[in-house]
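Chain L is already provided as a structure; the job is to place chain C on it using the hints.
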Amino acid sequence: MRYFIWGLFWIGVYLGLALFPCLILLYGTMPGGYGFWWDFSMALGFAATSMMALMFFLTARFKRAALPFGVDIIYYFHKHISLLFFLFAAAHAVILLSTEPVVWEMLRPSQINRYMAAGIVSFVLLGLIVFSSLWRKQLQIHYDNWRLIHAFLAVAAFILALVHIEGVGYYIATPAKRIIWGTIMGCWLLLLLYVRIIKPVALLSRPYKVRKIIPEKGNAYTLVIVPEQHQCIDFLPGQFVWLSMYHSPLSMKEHPFSISSAPEQKGELHFTIKELGDFTRRIKDTPKGQPVYIDGPYGAFTIDRHPSEHGYVFIAGGIGIAPIRSMLGSLAARGDSRTHILFFGGSTLEKLTFYEELNALKERLDLKTVYLLEHPPWDWQGESGFLDTGILKRHLPSHLKELKYFICGPVPMVQLAEKELHKIGVPLHHLHSELFDFV
Amino acid sequence: MRLLLAKILVVVTGVMILAVALVFAIFQNS
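In the order they appear, the protein sequences are chains L and C. Note that the first sequence ends on residue 439 in my numbering; no numbers are left out. Note that the second sequence ends on residue 30 in my numbering; no numbers are left out.
If you are wondering where the hints come from, they were derived from the structure by calculation, not from laboratory data. A virtual CB, placed ideally from N, CA and C, is assigned to each residue, including glycine. It is possible that some hints are incorrect.
Unchecked claim - Below, a sample of chain L positions facing chain C; criterion: calculated Cβ distance under 10 Å:
| # | residue |
| --- | --- |
| 1 | Leu23 |
| 2 | Ala43 |
| 3 | Leu428 |
| 4 | His432 |
Unchecked claim - Label-pair restraints from in silico Cβ distances:
| # | chain 1 | residue 1 | chain 2 | residue 2 | range |
| --- | --- | --- | --- | --- | --- |
| 5 | C | Val11 | L | Pro427 | 18 to 26 Å |
| 6 | L | Ile120 | C | Val11 | 25 to 33 Å |
| 7 | L | Pro175 | C | Phe27 | 19 to 27 Å |
| 8 | C | Lys7 | L | Gly335 | 37 to 45 Å |
| 9 | C | Lys7 | L | Arg114 | 34 to 42 Å |
| 10 | C | Val11 | L | Gly335 | 40 to 48 Å |
| 11 | C | Val11 | L | Arg305 | 25 to 33 Å |
| 12 | L | Leu193 | C | Val11 | 27 to 35 Å |
| 13 | C | Lys7 | L | Ile141 | 23 to 31 Å |
| 14 | C | Val11 | L | Ser132 | 18 to 26 Å |
| 15 | L | Phe4 | C | Phe27 | 29 to 37 Å |
| 16 | C | Lys7 | L | Lys63 | 18 to 26 Å |
| 17 | C | Val11 | L | Trp378 | 46 to 54 Å |
Only chain L is shown next, with the shape it has when bound in the complex (with noise of 0.2 Å):
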């Protein structure tokens, strides 16, 4: 209940920061109407700055306010609602474009002043960011190079539309807004530079270095890092962070992972990682006591957060164990004496990351585990395909609505899991996942 208050809260704030540039221009004297089409068109304009700037909020990874949804879904909502002010600054020049003719006149080569060029870029720029986010796979574009080039766009898309609003000043022109609209326009450039400088500087005065690489089944590897003369971070089991390796945490050139340790793990943390891309490769051949810096921990996926349950049920698949793993670890280190139910899919036995330790855990925790093969060998007793109400109503106890699920892996198997989950009478408020592919 407290997570859902603070939910709305920050929700709440949210929609306050998106509103205000526009409650500003409706408070004191306005200037007259230019007309119905304009004026919406303006506050369309006004609307769109500042859902920008609020993209960097939303990016920002600020704790408290990422702590009642998850950063994945805060990242998941910072993609779809740049889709929506992306619209909104469309619209803002359509609507002019085709109700104003001067705007026409303002737009000709010897007429265009460096305000009304700096909206066009901003839009352009805006476009852009648009395009190589939705299309970044389809493009090609590395993920370390996509996520430089998203930041240089999208600060510069930014300054040009301040810039362009500033120019402009119709709205703004009475002494109080000015005032006003100044304050806003220095605290988004104060987020700005939080964002870009001062989080990632602080980050280099906390190092963490290699202590060892261990091979795991499945392609995967397990990072053991220790804290470099300072206390390690406190965080819950099935939490993440944001590493930074071979770089600076200036440089941007940093990955989500998740704690595949126990916070019990005193002194050192784990992040087991499968080799997928160009950064995931090099982990095999990474160095002992390479300088390592983390931003976190982060996510609301933790078994901690629902304490007093029944028991759990853990459903992951592939390299989605990495959480889970640590989740059980913590169960199993406090002596947790509930009955706990793991699903774990992947393609072969073989390539199940913790096959041998999952079976070992069942020593020291009351733990079922039941494996999905999609290719099992011709002398399998277990269970093969994808997760079905079928398999789920053979392995779940009758009390399965009274458990909490936690589901990890890639997202259409969260999504059929919670969709197999909730045919079966789980209420959806019972089910916590966590994504992998969000970024």
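Then chain C, alone, in the frame of chain L:
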């Protein structure tokens, strides 16, 4: 479910901003 809530919030934000923009345009021209 969380994805659905995020989508609902996107729609709610959009509707509220459109509403304020409409109110502004109506006030300006009334």
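**Asked** Between Val11 of chain C and Ser132 of chain L, is the Cβ distance one that fits in 18 to 26 Å?
**Response** 25 Å, holds
**Request:** For the range 27 to 35 Å, tell me whether the beta carbons of Leu193 of chain L and Val11 of chain C fit it or not.
**Result:** 32 Å, holds
**Assessment of proposed distance window 34 to 42 Å (beta carbons of Lys7 of chain C, Arg114 of chain L)** = 39 Å Cβ-Cβ, so the 34 to 42 Å window holds.
**Residue hint Ala43 of chain L, partner chain C, criterion CB-CB below 10 Å** = 4 Å, holds
**Item:** Range agreement (Cβ of Arg305 of chain L with Cβ of Val11 of chain C, hint 25 to 33 Å)
**Value:** Holds: the Cβ-Cβ distance is about 27 Å, inside 25 to 33 Å.
**Asked** Does 18 to 26 Å hold as the CB distance between Lys7 of chain C and Lys63 of chain L, or does it fail?
**Response** With a Cβ separation near 24 Å, Lys7 of chain C and Lys63 of chain L satisfy 18 to 26 Å, so the hint holds.
**Asked** Would you say the C-beta atoms of Phe4 of chain L and Phe27 of chain C sit inside 29 to 37 Å of each other?
**Response** 35 Å Cβ-Cβ, so the 29 to 37 Å window holds.
**Prompt:** Are His432 of chain L and chain C close enough, Cβ to Cβ, to be under 10 Å, as the hint says?
**Reply:** For His432 of chain L, the interface hint holds, since the closest Cβ of chain C sits about 8 Å away, which is under 10 Å.
**Request:** May I ask you to test the hint 18 to 26 Å on the CB atoms belonging to Val11 of chain C and Pro427 of chain L?
**Result:** With a Cβ separation near 23 Å, Val11 of chain C and Pro427 of chain L satisfy 18 to 26 Å, so the hint holds.
**Request:** Using the beta carbons of Ile120 of chain L and Val11 of chain C, state whether their distance is inside 25 to 33 Å or not.
**Result:** 29 Å, holds
**Request:** For Val11 of chain C and Gly335 of chain L, compare the CB-CB distance with the range 40 to 48 Å and indicate the outcome.
**Result:** 46 Å, holds
**Item:** Interface hint for Leu428 of chain L, Cβ within 10 Å of any Cβ on chain C
**Value:** Interface hint status for Leu428 of chain L: holds (4 Å vs cutoff 10 Å).
Checked against the numbered hints listed earlier, the structure breaks none of them; every hint is satisfied.
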